[in-house]
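Take the sequence shown: its position 17, counted from the start at 1, is 17 in full-length UniProt numbering, and no numbers get skipped.
In short, the hints are calculated from the structure, not lab data. Using N, Cα and C, we set each Cβ at its ideal position, and we do this for glycine too. One or more of the hints may lead you astray.
Per label pair, the in silico range of CB-to-CB distance [what the hints assert, rightly or not]: (1) LYS48 x THR78: 44 to 54 Å; (2) ASP83 x MET58: 53 to 63 Å; (3) ASP63 x GLN90: 41 to 51 Å; (4) PHE10 x GLU88: 20 to 30 Å.
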Amino acid sequence: AETPLSPSTFIDSILQENDPGTTTAAAADSSSQPQPPEKCLSVACLDKNELNDHLDTMDSNLDNLQTMLTTHGFSVDTSALLDVSVLESQR
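Using the sequences provided together with the hints, build the complete structure.
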């Protein structure tokens with residue numbers, strides 16, 4: 001089970017913020033309009049320009065994520081881990 005603070009949930013939320021297709025307003029607007037044919041999600045369906053755009057977007061998202069992770073300080077409270085190791089050693 002993923003918690004709101006898990007790394008994968010955090011990364012997914014960042015990627016969804018940058019993806020205009022995931023907004024609820026876009027979903028509400030699209031329900032009143034006729035749906036276009038569903039776009040093929042396979043890489044095999046992309047032409048060269050679309051593939052390059054897709055890769056550039058992914059690269060940009062990863063660069064943004066790396067920047068966020070390196071500019072924000074993270075601290076870990078190791079006392080809880082030490083308490084667990086002490087309990088395990090007492091068994």
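Run through the hints listed earlier and report the numbers of any the structure violates, in increasing order. Of the numbered hints given earlier, the structure breaks just one, which is hint 2.
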